[in-house]
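Student: Read off the chains here:
Number of protein chains: 2
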Amino acid sequence: MLRLLRQGLRWRRPYSSVAASDIEHFKTILPPHAILSTVSPSSLPSSELDQYNNDWMGKYRGRATTVLKPKTAQQVSDIVRWCAGHDIPIVPQGGNTGLVGGSIPLQDELVVSLANMNSVRSFDPVSGILVADAGCILQSLTDYVAPHNHIMPIDLGAKGSCHIGGNVATNAGGLRLLRYGSLHGSVLGLEVVLPDGTILDQLTSLRKDNTGYDLKQLFIGAEGTLGIITAVSILTPPSPQASNNVILALPHFDNVQPLYRAVKRQLSEILSAFEFIDRTAYNLAVKHGQGRALSDEDVEGAECFVLVETSGGRREHDEEKLEDLLSSLMDSDEPLINTGVLSQNPAQFSSLWALREGITEAVSKEGKAYKYDISIPLASFKTVVDATREHLRSKGLLGEHAVTHVLGYGHVGDGNLHLNIVAAAYTQEIQDALEPFVYEVVASYRGSISAEHGIGAMKTHALHYSKNDASIEWMKKIKTLFDPKGIMNPGKVLE
Amino acid sequence: MLRLLRQGLRWRRPYSSVAASDIEHFKTILPPHAILSTVSPSSLPSSELDQYNNDWMGKYRGRATTVLKPKTAQQVSDIVRWCAGHDIPIVPQGGNTGLVGGSIPLQDELVVSLANMNSVRSFDPVSGILVADAGCILQSLTDYVAPHNHIMPIDLGAKGSCHIGGNVATNAGGLRLLRYGSLHGSVLGLEVVLPDGTILDQLTSLRKDNTGYDLKQLFIGAEGTLGIITAVSILTPPSPQASNNVILALPHFDNVQPLYRAVKRQLSEILSAFEFIDRTAYNLAVKHGQGRALSDEDVEGAECFVLVETSGGRREHDEEKLEDLLSSLMDSDEPLINTGVLSQNPAQFSSLWALREGITEAVSKEGKAYKYDISIPLASFKTVVDATREHLRSKGLLGEHAVTHVLGYGHVGDGNLHLNIVAAAYTQEIQDALEPFVYEVVASYRGSISAEHGIGAMKTHALHYSKNDASIEWMKKIKTLFDPKGIMNPGKVLE
Numbered sequence: 001m002l003r004l005l006r007q008g009l010r011w012r013r014p015y016s017s018v019a020a021s022d023i024e025h026f027k028t029i030l031p032p033h034a035i036l037s038t039v040s041p042s043s044l045p046s047s048e049l050d051q052y053n054n055d056w057m058g059k060y061r062g063r064a065t066t067v068l069k070p071k072t073a074q075q076v077s078d079i080v081r082w083c084a085g086h087d088i089p090i091v092p093q094g095g096n097t098g099l100v101g102g103s104i105p106l107q108d109e110l111v112v113s114l115a116n117m118n119s120v121r122s123f124d125p126v127s128g129i130l131v132a133d134a135g136c137i138l139q140s141l142t143d144y145v146a147p148h149n150h151i152m153p154i155d156l157g158a159k160g161s162c163h164i165g166g167n168v169a170t171n172a173g174g175l176r177l178l179r180y181g182s183l184h185g186s187v188l189g190l191e192v193v194l195p196d197g198t199i200l201d202q203l204t205s206l207r208k209d210n211t212g213y214d215l216k217q218l219f220i221g222a223e224g225t226l227g228i229i230t231a232v233s234i235l236t237p238p239s240p241q242a243s244n245n246v247i248l249a250l251p252h253f254d255n256v257q258p259l260y261r262a263v264k265r266q267l268s269e270i271l272s273a274f275e276f277i278d279r280t281a282y283n284l285a286v287k288h289g290q291g292r293a294l295s296d297e298d299v300e301g302a303e304c305f306v307l308v309e310t311s312g313g314r315r316e317h318d319e320e321k322l323e324d325l326l327s328s329l330m331d332s333d334e335p336l337i338n339t340g341v342l343s344q345n346p347a348q349f350s351s352l353w354a355l356r357e358g359i360t361e362a363v364s365k366e367g368k369a370y371k372y373d374i375s376i377p378l379a380s381f382k383t384v385v386d387a388t389r390e391h392l393r394s395k396g397l398l399g400e401h402a403v404t405h406v407l408g409y410g411h412v413g414d415g416n417l418h419l420n421i422v423a424a425a426y427t428q429e430i431q432d433a434l435e436p437f438v439y440e441v442v443a444s445y446r447g448s449i450s451a452e453h454g455i456g457a458m459k460t461h462a463l464h465y466s467k468n469d470a471s472i473e474w475m476k477k478i479k480t481l482f483d484p485k486g487i488m489n490p491g492k493v494l495e
Numbered sequence: 001m002l003r004l005l006r007q008g009l010r011w012r013r014p015y016s017s018v019a020a021s022d023i024e025h026f027k028t029i030l031p032p033h034a035i036l037s038t039v040s041p042s043s044l045p046s047s048e049l050d051q052y053n054n055d056w057m058g059k060y061r062g063r064a065t066t067v068l069k070p071k072t073a074q075q076v077s078d079i080v081r082w083c084a085g086h087d088i089p090i091v092p093q094g095g096n097t098g099l100v101g102g103s104i105p106l107q108d109e110l111v112v113s114l115a116n117m118n119s120v121r122s123f124d125p126v127s128g129i130l131v132a133d134a135g136c137i138l139q140s141l142t143d144y145v146a147p148h149n150h151i152m153p154i155d156l157g158a159k160g161s162c163h164i165g166g167n168v169a170t171n172a173g174g175l176r177l178l179r180y181g182s183l184h185g186s187v188l189g190l191e192v193v194l195p196d197g198t199i200l201d202q203l204t205s206l207r208k209d210n211t212g213y214d215l216k217q218l219f220i221g222a223e224g225t226l227g228i229i230t231a232v233s234i235l236t237p238p239s240p241q242a243s244n245n246v247i248l249a250l251p252h253f254d255n256v257q258p259l260y261r262a263v264k265r266q267l268s269e270i271l272s273a274f275e276f277i278d279r280t281a282y283n284l285a286v287k288h289g290q291g292r293a294l295s296d297e298d299v300e301g302a303e304c305f306v307l308v309e310t311s312g313g314r315r316e317h318d319e320e321k322l323e324d325l326l327s328s329l330m331d332s333d334e335p336l337i338n339t340g341v342l343s344q345n346p347a348q349f350s351s352l353w354a355l356r357e358g359i360t361e362a363v364s365k366e367g368k369a370y371k372y373d374i375s376i377p378l379a380s381f382k383t384v385v386d387a388t389r390e391h392l393r394s395k396g397l398l399g400e401h402a403v404t405h406v407l408g409y410g411h412v413g414d415g416n417l418h419l420n421i422v423a424a425a426y427t428q429e430i431q432d433a434l435e436p437f438v439y440e441v442v443a444s445y446r447g448s449i450s451a452e453h454g455i456g457a458m459k460t461h462a463l464h465y466s467k468n469d470a471s472i473e474w475m476k477k478i479k480t481l482f483d484p485k486g487i488m489n490p491g492k493v494l495e
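Chains A and B, in that order, are what the protein sequence lines are. Using the UniProt record's numbering, the first residue of the first sequence is number 1, and each one after it goes up by one. Using the UniProt record's numbering, the first residue of the second sequence is number 1, and each one after it goes up by one.
Just chain A, same shape as in the assembly (with noise of 0.2 Å):
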């Protein structure tokens, strides 16, 4: 059996690619359908592997030659199995929807799509315990619970696309992260292949388990390198029966602040979301359509905006809560905000939300993005951004020719910033120009170099800036007892 060994770029060991005998044996274990290869004799066209070997920003770019769709876990357990046994590299990929390259191959590692395994297990609407295979989309498992007046715990932009186990792998932060805390908190159990093809089956549909330590735990966040998430067991909260919300326009940054502590406040658990938005992402958001914006004179003088949201059990209480809220702001000798405009019906709500959403449509239509989604004290948010602007001018790449925005926003109630650089074109000058540079900004206040996009095949490099060497060096030594071989998803996370 001819094997090529590759010494790549990012890998310290040789790895074979996969032939054709290697796609005999897939066929032992796939039906025709889910095996998708360039590799002769199937000879597909690469072009029919675009959408797997590309990521949607068109910033990664791998050269997979082998697509596999296996439809239960079991399936799965076999290919890697396999893999194991003929070193061949592998790329869990869900609905790749990742901001870091984590689902791109680097080489042309076999990718493993759970897209064809797509099923609710179970659900208890008494609990609200859902089961679901990994592959389901995110929109999806929403849908299902609604009629049983439960949510899904995460909510993102993405969600009409992403998987709930590229979700859990990525331990997906969102919209709701706020309210319904992390997926630490909210996954109860997981089913895992492991590199050497073992199914772990953790998939408990229990509240409380203290019956030693939590294995799943590792998988979360661990972007596939520990194994491939092949189902999820999560707590689905009960949906809330109204839900507003409003924007503001804020005269100053630093009003920002105190607004948050008023409204955490005032509106105390029926606070779901808190988003800052800054002028330049808002005005790029209103150019591009995104949603529902206010009157020119209303943002007149507005520095920044914030978006919150309410969700509660009761309609009357709730708004009780939001125009009192809204009253004492305005009211106030010295007003924190210059307007707010609260949503009257579900279609203005939804266009609200539209134009905080929309931000990451209205970047990639004005230009590339470099993006980097950092934890920074909230106090700290416009100073870094103006920092990088500043920065990048003196380099002299501000302007039509390179750097055209330089914006922020994100989730003040968890210190996330999503800081986005929008250039006509990815050039090395201005990549080196933001790295390390917006990484060592980022560590002067012991920050997070990935507050919830992960570290992909993009931040390996950078891990020191936000973890420490003994934290580093134990990572490795994890990763060492799952994966000896180091054949899943090599060269993310750990270089």
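The hints are simulated quantities; they were obtained by calculation from the structure and are not laboratory data. Heads up, some of the hints might be wrong.
It does not matter which identical chain is used: a pair holds within one copy or between any two.
[Claimed, not checked] SDA-like, lysine to any residue: derived pairs with alpha carbons at most 25 Å apart:
| no. | residue 1 | residue 2 |
| --- | --- | --- |
| 1 | K479 | I199 |
| 2 | K382 | G128 |
| 3 | K71 | P41 |
| 4 | K382 | V126 |
| 5 | K477 | I199 |
| 6 | K476 | R81 |
| 7 | K365 | S21 |
| 8 | K287 | T404 |
| 9 | K382 | A293 |
Based on these hints, arrange chain B on the given structure of chain A.
Tutor: Relative to the frame of chain A, chain B by itself:
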């Protein structure tokens, strides 16, 4: 240097006892008052170590000769490094309030008490993030954050003496889990001394940080077998502005499940506890003067009781929701409840809680208790209590001579039942009648043999009732990776 080699019942490898030469070395690390030892020349009477060698239930008894009380993580590290080099097994000890013998030596291990590490390191009132030494008492931390209008995300009966480090090491659940989720979600960072003496600093105070494997999760619930937690970073929620509670008497156990659904729907986000108390548990609590009892007339014909707590941001809204709930329950054609008593002031509020929280104390006043802390489906709570009672009756063990009461209470929202068997004395006969009987019943429901108490020394042999072979095998691999010499809390969690 003379060392005794021991081949303990539960220990697979030879360990050393603490010798005079070890004490000499510890004196270079700690001041004299932080070393308690019966070893010559210190030669304290062994009664001085009673509180460290015995648990509060009088069920577990160790023979430690030496207790060390370090004040810094560096001192803990120095102690552990010495022990690792000299094969001295260690039992980390917090408030010693556990129920499964996890913090008591099995033989003469060295006890490292965290009681002197009791300082708050930092608190940020905007984010609510608290960083505290592991030895801080839970109630002290509650008192510390109260003036800032925050509360601790956990609350349990032992709050006056349990340590936050012990809470995290045992993944304590308690009374607020329904509302604030598990410690896997609310613990943001840990400082841990590993079994080789390394200080693993993952004491981040970021709400979100997706930079690689979340190693700290492994120590949450590992009961001190993978390292010694020396500090905790934890998210504290804002204090509710108003809390109310009500006790409801139910004619039939079958009403609990529909009642739970009705209460969840009507109280929604302000529901903070839904506690179940069976008639036997209620009667014992009343007999021993725990909390506020209902009138004899009110409880006539009641098969069980439910305590409902609300916590919200505006008193009048919360009261309106609670009163509407009670009206709808009482006005129904087939009422789910016989009666309900709403607390009218803080004293009554505390007194209703005392009835629930006082069951533990009532049980210890009544006799010796076999305590099982299990996760099973809510619908089977009564079946399991009844089946246990009948099983003991069939063995001739029910009556004044042996088991006097079999009772159940617990956290309905978490599917967590506390099954207590009260006897005149601990006997092998009762023990043999209860185990594996109880574990087999739990396994038949695919439940957990330890919902929140942990495995400790009590349930290592029963782990397989809740964990499959692959899971136990991987737990052992993790244990070996972190603690190859097996010196850290040997014989706990894993046999």
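Student: With reference to the structure, classify each hint as holding or not holding.
Tutor: Comparing the hints with the structure gives:
For the identical chains of this complex, K479 and I199 are neighbours both inside a copy (17 Å) and across copies (20 Å), given an alpha-carbon limit of 25 Å. Proximity of K382 to G128 under the C-alpha cut-off of 25 Å is restricted to the inter-copy arrangement: shortest distance 21 Å between copies versus 40 Å within a copy. Taking the closest pair of Cα atoms, K71 and P41 come within 25 Å of each other only inside a single copy of the chain (23 Å); across copies the shortest separation is 69 Å, beyond that limit. Only between protomers do K382 and V126 lie at most 25 Å apart by alpha-carbon distance; the minimum there is 17 Å, versus 45 Å within a single protomer.
In the homo-oligomer, the alpha carbons of K477 and I199 lie at most 25 Å apart both inside one protomer (21 Å) and across protomers (16 Å), since each shortest distance falls under that limit. For the identical chains of this complex, K476 and R81 are neighbours both inside a copy (22 Å) and across copies (22 Å), given an alpha-carbon limit of 25 Å. When the C-alpha separation of K365 and S21 is checked against a cutoff of 25 Å, the pair qualifies neither within a copy, at 44 Å, nor between copies, at 72 Å. With identical chains, the CA atoms of K287 and T404 are at most 25 Å apart within one copy only, with a shortest distance of 14 Å there and 76 Å across copies.
Taking the shortest Cα distances, K382 and A293 sit within 25 Å of each other inside one copy (22 Å), while across copies they are farther apart (57 Å).
When held up to the earlier numbered hints, the structure conflicts with hint 7 and nothing else.
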